[in-house]
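S.K.: Here's the letter readout for the chains.
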Amino acid sequence: MDSVRHLSFDVAVVGAGPAGIAAALAAADSGVTVGLIDDNPAAGGQIWRGVQSAPQNSASSIWFQRLNKSAVQLVRGARVFHAAKGELAAESDDSAIQISYGKLILTTGARELFLPFPGWTLPNVTGAGGLQALLKSGLDIAGKRVVIAGTGPLLLAVAAYARKCGAKVVAICEQTTRSRMVRFGMKMLLVPGKAPEALRFAYELRGIPHWTDCWPVAAFGSRRIESVRISRQGQTSEIECDYLACGFHLIPNVELPRMCGCRLESGFVHVNEYQQTSAPGIYCAGEPTGIGGLELALAEGEVAGYAATNWEDRAKHLFAKRARYGKGVRILKDAFPLRPELKNLARPDTLVCRCEDVPHERLREHGCWRAAKLHARCGMGPCQGRVCAPAAEFLFGWQIDSVRPPVFPVRCASLAAVPSHSAAARN
Amino acid sequence: MSDSVSVRVNGKPVTVRAGATVAVAVLAAGATCRASVTGQPRSPLCGMGTCFECRVAINGEPQRRSCQVLCEAGMEIEANG
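Heads up: the protein sequence lines correspond to chains A and B, in order. So the first sequence is numbered by the working numbering: it starts at 1 and just counts up by one. So the second sequence is numbered by the working numbering: it starts at 1 and just counts up by one.
Derived by calculation from the structure, the hints in this document are not laboratory data. In this text, a Cβ means the ideal position worked out from N, Cα and C, and glycines have one as well. Treat the hints with care, as some may be off.
As the list claims (entries may be wrong) - For the chain B half of the interface with chain A, some residues (derived, Cβ under 10 Å), not all of them: (1) K12; (2) P13; (3) T32; (4) L45; (5) C67; (6) M75.
Starting from the given sequences, assemble the full structure and let the hints guide the process.
M.R.: Here it is, written out as structure tokens:
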């Protein structure tokens, strides 16, 4: 039988990745009560997933030590599925959780954009970051042949990590052009902290083919992937592999900010210099405001935490730091535009919606996302379109703008625990 | 504290490192996670709780996202085989 837990915080932070940890600690500096709420079994988000058990990672361990010593209350394994004025509803394995707050900081991070191609639903075809998350969660990949594909610098990080775990990385397939890749490399050298990182990757990835103008065309296998056909500078070839890790950029998790009424601009949460959203008392930091990576997320989180506790002076001190790390955002956006060929990978029978098994041919006949949902059940499964909606946006140019509670599938008992006045206040 | 943990996937004993997720145990057992609505085998895509491809039954409770649950000794996991 589910129980209902009641929690109350002056500042509630949703998402315990770097931005959320930084925000919670900054807010706690004022002595107010702070709750840090996260779906995962441990704090750290994706970039610091699993590193709490590996304290040699010095950058993260300092933050974890601070978090452990702080008065911040970490609420782990809790999915926030509903938000109303001053209240959040969440669910853990064994209870519904009602959280009331004074100020809210949304640090909901990002996920990967996946694009459908024949065979992309086969087991062992994962996201690029997806494979890294599995490795950090204990997956043994020693001796396995891995092809890493998609776009962006994440591919390099994943390749380096997989190799360190003992994988045989067969190739890195980057869809962008060689000239864009080179220009990107030059520009990143000017961003603080990135030059040593780039050199480290170059060393760690020595000997691994890094192909540009290259992307997966189809994956083959019976029970799991056995090979992938790639297109490389106009030629196709087939590579045998045990895993294909494929991701096409990070996209922000804006479902919760959207439900809170925060205004979005070009798909990202609009914030002012204090990380304040258009919704009163609600702040946002990290990837939902623009994909910028770890250092920017930390700086934004701190600004949000101080701003939410009316400590503007401390927040202002961080503006310069934030501006320095902010440069990378624009460079990333310009360097890796998705090429139009990627829109033509899906065949008529290639599934686009993996929850409801809706093929491409049943989508293209519709004019908009809503019609596709209603008539083909696309995006109506448990992931609520988190995978197929961004893909459909890219493939068909559809606007995806609707979000409604619950933003995660939950047990009936958890829904029943949402106070009726807050449900009524929503609509 | 032990540095490994043993669970059962479809009745078959599997040992993974302590702190590993149920998704990892399923893959280590050579199983796939779920059958799709048209019966296709599926395994984790995102690895971070958003795609819902890694759903399995854990100790009899269905539809759990195996990538978000840590293995505990003696867990009974029902996956797609």
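S.K.: For each hint given before, does the structure comply? Return the numbers of the non-compliant ones in rising order.
M.R.: 1, 2, 6
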